[in-house]
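2 protein chains.
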Amino acid sequence: MAQEIEKKFLVIGNDFKKEAFESSKIIQGYLSSVPERTVRIRIRDQSGFITIKGIGNQSGASRFEWEKEMPLNEAEALIKLCEPGVIDKTRYKVKTNGGTFEVDEFHGENNGLVVAEIELANENDAFDRPNWIGKELTGDKKYYNAMLMKSPFSKW
Amino acid sequence: MAQEIEKKFLVIGNDFKKEAFESSKIIQGYLSSVPERTVRIRIRDQSGFITIKGIGNQSGASRFEWEKEMPLNEAEALIKLCEPGVIDKTRYKVKTNGGTFEVDEFHGENNGLVVAEIELANENDAFDRPNWIGKELTGDKKYYNAMLMKSPFSKW
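For the record, the sequence lines run as chains D and A.
Sequential numbering of the first sequence, starting at 316, is according to the working numbering.
Sequential numbering of the second sequence, starting at 316, is according to the working numbering.
Keep in mind the hints are simulated off the structure, nothing from the lab.
Small disclaimer: the values here were computed from a predicted structure and weren't measured.
Take every hint as true, because none was put in to throw you off.
When chains are identical, the list treats them as one kind, so a pair holds in a single copy or across two.
Here are the computed lysine-lysine pairs in the DSSO-like style, where the Cα-Cα straight-line distance is at most 30 Å:
1) Lys-395 with Lys-456
2) Lys-383 with Lys-340
3) Lys-383 with Lys-465
4) Lys-465 with Lys-395
5) Lys-470 with Lys-450
6) Lys-340 with Lys-408
7) Lys-395 with Lys-457
8) Lys-323 with Lys-395
9) Lys-408 with Lys-323
10) Lys-395 with Lys-340
11) Lys-383 with Lys-395
12) Lys-333 with Lys-408
13) Lys-340 with Lys-465
Looking at chain D on its own, in the form it has when it is part of the complex:
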């Protein structure tokens, strides 16, 4: 349970893949995609997670977050209850001075979209931006995963 501070950016090109030290496959659905109270079920590799997020502050960088791990079979059963549509993506991790970028390469209906997020202790903490980091998307609800499920990138 924490107040999560994250900044999100568009990613340009594929160079980030050369710098990644880890990648994993993510499938996720939403029991609630209402921004004030999203309830997400995620399968990452062979583990399941439930994550509840509140709405962000004015800048969109800080959101309340609660997460618990669960067995894979429970997550698979809960994914079936989710709202129609599912997010399918590969997550890469890239170290930079000041933190670690999580870079999400979307598949399926969001194919072509790649975004990077960095978690910070304080909203104004400094961090290095690799040259594949594009414009900032922090707080832009269109890029929330819950929104990408309903209004996918391929239909923009």
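Could you slot chain A onto chain D? The hints should help.
Relative to chain D, chain A alone:
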């Protein structure tokens, strides 16, 4: 994680209180009150719980259910994220031949409403009905707690 089989009844009078072997105070809110995927946060005495339920079968007696306990402070934080309105009730437990009735006496906007539920291993299992058990409400969505929050008994 289970398929839950429950029958629900209206309760007549206050005689059930004399037969109860336990009672506890329950406060609960909903992160999602959509019947296909309700997400409930409950505080019972000093414990927190998250419970996810799917929609029932045709008779309404069998619903998918997933539940996890959590610390009280986490449940208190999550209740604040819930949809407006909260259910406040006292739950009594009453043993009968064939099972245990959970009798919910509602307060606040649902004051005056008392319902009893019994959990069964099979939908057609027999059980004794005390004389304070009134008409069957199984599957009647109006009596779902998630619905009582939006459309409380005092406004029927």
